[in-house]
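Protein chains in written order, with numbering that gives the first Met the number 0: chain A, 0 to 700; chain B, 0 to 73.
The hints are simulated quantities; they were obtained by calculation from the structure and are not laboratory data. Glycine included, C-beta positions come from ideal geometry on N, C-alpha and C. Heads up, a few of these hints could be off.
Said to hold, decoys possible - Quick list of simulated restraints, FRET-style, between CB atoms: (1) B:K61 with A:R535: 52 to 62 Å; (2) B:G48 with A:R199: 34 to 44 Å; (3) B:K25 with A:L204: 44 to 54 Å; (4) A:Y309 with B:K61: 17 to 27 Å; (5) A:Y309 with B:M0: 27 to 37 Å.
Said to hold, decoys possible - Here are the simulated DSSO-like pairs of lysine-lysine, each with C-alpha atoms no more than 27 Å apart in a straight line: (6) B:K65 with A:K301; (7) A:K301 with B:K61; (8) B:K25 with A:K112.
Single-letter residue listing:
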Amino acid sequence: MYGDIAKYLDLPLATQLAKDPVCGMHVDEGTHALKTTVRGTTYYFCSDSCIQTFLKPELEYRRLKYLTALSFGLGVPAFIFSFFPILPILPINLWLFLIVTPVQFIAGFRFYKGTYHALRARSANMDSLIAIGTSAAWGYSTLATFIPSVFGSVVYFDTSALIIALITLGKLLEYGVRGRATDAVRKLLELQPPDAVIIRAGKELSIPIEQVQVGDIAIVKPGEKIPVDGIVVEGRSSVDEKMITGESIPVEKGINDKVIGATINKTGLLQVRASKVGADTTLSQIVRLVEEAQIAKAPIEKLVDTVSSYFVPIVIVVALSSFIGWYFILGSEFTLAFTSFIAVLIIACPCALGLATPAAIVVGTGKGAENGILIKGGEYLEKAHKIQSVVLDKTGTITRGEPSVTDVIAIGNLSEDEVLRIAASVEKGSEHPLGEAMVRRATEKGLSISKVEEFEAISGHGVKSLLKVGRVLIGNQKLMEANGINASSLRDTIERLQDDGKTVMIEALNGNISGIIAAADVIKDSSKDAVDEMKRAGLEVIMLTGDNTRTAEAVARSVGIDSVIANVIPSEKASVVKRLQREGKIVAMVGDGINDAPALAQAEIGIAIGSGTDVAVETAGIVLMKDDLRDVPTAIKLSKSTMSKVKQNLFWAFAYNVGLIPIAALGFLDPILAAGAMALSSVTVLSNSLLLKRFKTMRKD
Amino acid sequence: MKSLSISVSNLDCALCVPIIKKSLSKVRGVQEVRTAVMLNRVIVDYDPGEADVTEIRMAVEKAGFKALYVSERG
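The whole structure should be built from the sequences, with the hints applied where relevant.
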């Protein structure tokens with residue numbers, strides 16, 4: 000709108016339009032002075048009231064502190080003076096009335112307000128219970144103060160004030176603990192660098208991160224964060240990706256390598272072409288996923304929510320019955336009946352019950368995210384801890400999923416290194432996985448690659464090439480035959496290699512066979528440890544593969560897997576999982592999420608491994624950022640720990656919120672103690688959940 | 000359909016959930032309301048043709064909650 004008008008009137012176009020985070024209005028950054036910087040991000044506001052609202056969490060904390068101080072400052076003296084009525088001039092009850100009334104209506108205002116809103120929604124909440132309980136105590140005492148002839152001279156002012164004081168204190172404590180419970184999410188958000196240095200029109204320009212576009216070239220100096228996901232176009236460096244993938248060892252990056260936004264460039268200067276920005280970056284997706292995990296309700300939580308919604312009316316009935324029972328039926332003293340009534344109301348606030356599950360889940364999923372284990376919600380945590388069988392896809396899960404050179408055999412008078420060097424020279428620039436494997440191996444060995452003068456790829460056979468050393472052929476037996484080279488003397492060697500599941504390539508130099516290079520999909524270093532760990536945890540480990548039985552069993556043996564399901568074509572993986580489920584097993588399927596999506600979806604829980612930057616694997620309930628199978632047992636163990644925290648929390652919450660109700664109703668619980676217990680219950684549940692932060696992953700490095 | 004994430008400072012107890020849900024579901028165009036008590040957050044899926052951010056904000060405030068921070072989810 001402004002843009003159109005500006006164009007029409009030939010005004011300077013507002014290039015920087017920021018959004019007011021409170022009301023959502025677009026604000027011109029240039030002309031608006033209303034802004035504030037929180038954790039490195041500057042926010043702009045349309046009005047003073049919006050900025051005030053935005054800054055309120057801090058104000059809220061300060062207010063709670065004042066209110067706690069006020070209510071204790073007056074409540075404790077009221078308590079003391081109730082026992083030692085030493086105040087002069089006025090009658091003691093009038094003194095107590097004067098001391099306590101500000102607590103009731105200033106510190107207690109929030110409870111009245113909450114009750115009002117709940118009533119308007121024809122509902123009741125914790126505020127209602129506290130408001131009813133404290134108002135009953137305060138109201139009765141006030142009547143007793145002014146009309147003692149009717150109501151007697153016993154007052155409960157200290158009770159109402161101390162209930163308010165303790166509950167406000169509980170809220171204050173909760174505030175701090177809550178912050179620590181959710182800090183994993185906040186830390187993720189803080190990883191995002193606020194701006195980026197990019198090249199535009201040949202100049203280096205520092206711009207806010209929101210304005211980086213796909214295709215922009217960003218310059219990242221050593222020690223700085225890579226602003227967005229992208230591809231290295233210039234430079235070489237090692238990059239610390241721990242904050243995203245959980246991998247503690249920095250990763251070497253060179254031209255054409257993918258880098259992830261928010262990771263730290265350690266050693267060299269990098270130029271990165273942005274490939275994903277804004278909500279599409281890996282970091283944004285992780286944040287979203289972690290948030291989503293906490294919004295999606297675990298089944299156990301839904302149950303608790305249902306229970307809570309019937310809680311308040313039931314509690315009010317119990318409280319009233321307790322009063323009527325004591326006073327009218329059993330004919331006990333008024334004080335006993337009245338304090339039981341209040342104690343029931345106060346003890347029964349089901350806040351701790353409501354927090355029991357989400358608190359543990361927030362800490363558990365946060366802990367996972369710190370280690371590159373993304374759990375998509377409480378539902379999956381619940382499922383993961385019940386897992387009995389883990390099905391591992393072979394390719395890409397147990398193995399690297401790409402060929403590596405396993406054997407180099409020199410035939411004739413060249414050395415093995417020379418055989419590899421020639422092959423790598425020919426394949427340099429090849430996009431074939433086998434070619435890439437040879438180049439990678441040669442680079443690892445520090446062999447110098449020479450220039451190719453001619454190159455021809457022969458589909459399905461191999462390549463023909465001309466190097467300084469001569470004419471080179473690399474490929475299968477058919478390629479050799481087609482060029483009149485007899486490879487029959489190598490048959491035994493080739494068959495032996497093939498039996499091990501290796502792919503064999505023959506290299507010929509100037510018409511004579513010079514060597515054999517074999518490559519295979521090799522097992523990841525961590526796979527054996529991971530399988531051991533899972534077996535130790537009592538899980539059945541099954542390997543699933545399209546390979547023939549012999550090859551499959553060789554791989555399974557070397558990582559310690561006993562049961563193998565071989566010869567499974569990709570489209571049948573899901574039905575194999577189904578068959579296992581029909582045998583009564585609760586199955587987790589682990590795969591790379593590309594070919595095995597249906598199997599991941601079929602399993603009770605799908606675990607996608609090494610998805611790298613693609614976090615949004617739809618069919619997986621757990622996404623492992625790192626390509627390390629050890630994260631599977633870690634994820635299952637974390638789920639178990641989290642679920643046992645949930646159960647402990649529910650136990651404590653029930654003990655406080657439900658178990659103490661009959662005790663209060665029977666008159667064994669003083670209302671002030673009830674308030675203390677109530678204040679502690681939420682803090683207990685939250686603190687117990689925080690213990691999950693001590694969870695140790697089983698990495699040995 | 001659009002989605003809003005609203006940070007609500009005093010949405011901190013399971014008993015608040017039905018109240019805020021009720022108020023928001025009365026707004027025309029609001030399709031789904033989800034809450035995260037630990038994050039003090041409510042997620043509102045709505046049809047931008049029928050409801051707008053201000054209306055949704057008002058519904059949160061009217062139920063007695065403080066809507067601190069509203070952001071759009073993609």
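Broken hints, by number = Violated hints: none; all satisfied.
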